[in-house]
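K.L.:
Work the whole structure out from these sequences, hints included.
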Amino acid sequence: DTGVSQDPRHKITKRGQNVTFRCDPISEHNRLYWYRQTLGQGPEFLTYFQNEAQLEKSRLLSDRFSAERPKGSFSTLEIQRTEQGDSAMYLCASSPTIPGGPSDTQYFGPGTRLTVL
Amino acid sequence: GQSLEQPSEVTAVEGAIVQINCTYQTSGFYGLSWYQQHDGGAPTFLSYNGLDGLEETGRFSSFLSRSDSYGYLLLQELQMKDSASYFCAVNLGSSNTGKLIFGQGTTLQVKP
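Heads up: the sequence lines are chains Y and D, in that order.
Read in the numbering used here, the first sequence has 10 at position 10, and its numbers run on one by one without any break.
Remember, the numbering used here sits 117 above the position in the second sequence when you count from 1.
Since the hints were derived computationally from the structure, they do not count as laboratory data.
Certain hints may be false.
What the hints assert, rightly or not - Part of the chain D face toward chain Y, derived, beta carbon under 8 Å: (1) Pro160; (2) Thr161; (3) Phe162; (4) Tyr165; (5) Lys198; (6) Phe204; (7) Gly215; (8) Leu217; (9) Ile218; (10) Phe219; (11) Gly220; (12) Gln221.
The beta carbon of each residue, even a glycine, is placed where N, CA and C say it ideally should be.
P.N.:
Have a look at this one:
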């Protein structure tokens, strides 16, 4: 079990550029989540996958944000035409599905810190 | 909307006991979780309550009262390494997606 990994760990970009982040969940976990966290706040839910299906997307997520999980393994989060307000830590988490039970133990990756200049 | 309320800061001394409260108002409820996050680190799972009552895991315990929309995290025998932010999080919805709504976090400072 190598844990959840994210790449890159830090990204600095200029306003208007596109960025893409990658998340590799724990291998046997079929649920994958993306969250955004700003300083002094709790993680904010962005989107959720069960296997390759994107089952929920936050209303806070504008059309500039898109996420994929093409083979039900790793996931990517792309932000197009970045804005300064997109500066945040982007966290990925994964969890197993326990038949008949909750899947509340989410394992978080180290995050990708995005700075938009 | 969804809201979770927890104190912003708590200070305690090594060896003491501290309780961090969380009240919530959410459109759905499947369970209450607690996560710890050190500066610059990722949130790590501490405890989960799906039913009313107390769950104990080593030095940490968590309590839930669904009728009061209230829970707390109890940390005993505080150690310096417990200095961190602590988040309560509600698992929304009847479909058990695992989607978590987090509070704003409580910063715990443990002093010698």
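K.L.:
If a hint holds in the structure, say so; if it does not, say that too.
P.N.:
Against the structure, the hints come out as follows:
no. : hint   : in the structure
1   : Pro160 : holds, 5 Å
2   : Thr161 : holds, 7 Å
3   : Phe162 : holds, 5 Å
4   : Tyr165 : holds, 5 Å
5   : Lys198 : violated, 19 Å
6   : Phe204 : holds, 5 Å
7   : Gly215 : holds, 4 Å
8   : Leu217 : holds, 7 Å
9   : Ile218 : holds, 7 Å
10  : Phe219 : holds, 3 Å
11  : Gly220 : holds, 5 Å
12  : Gln221 : holds, 5 Å
In this structure, only the earlier hint numbered 5 is contradicted, and the remaining ones agree with it.
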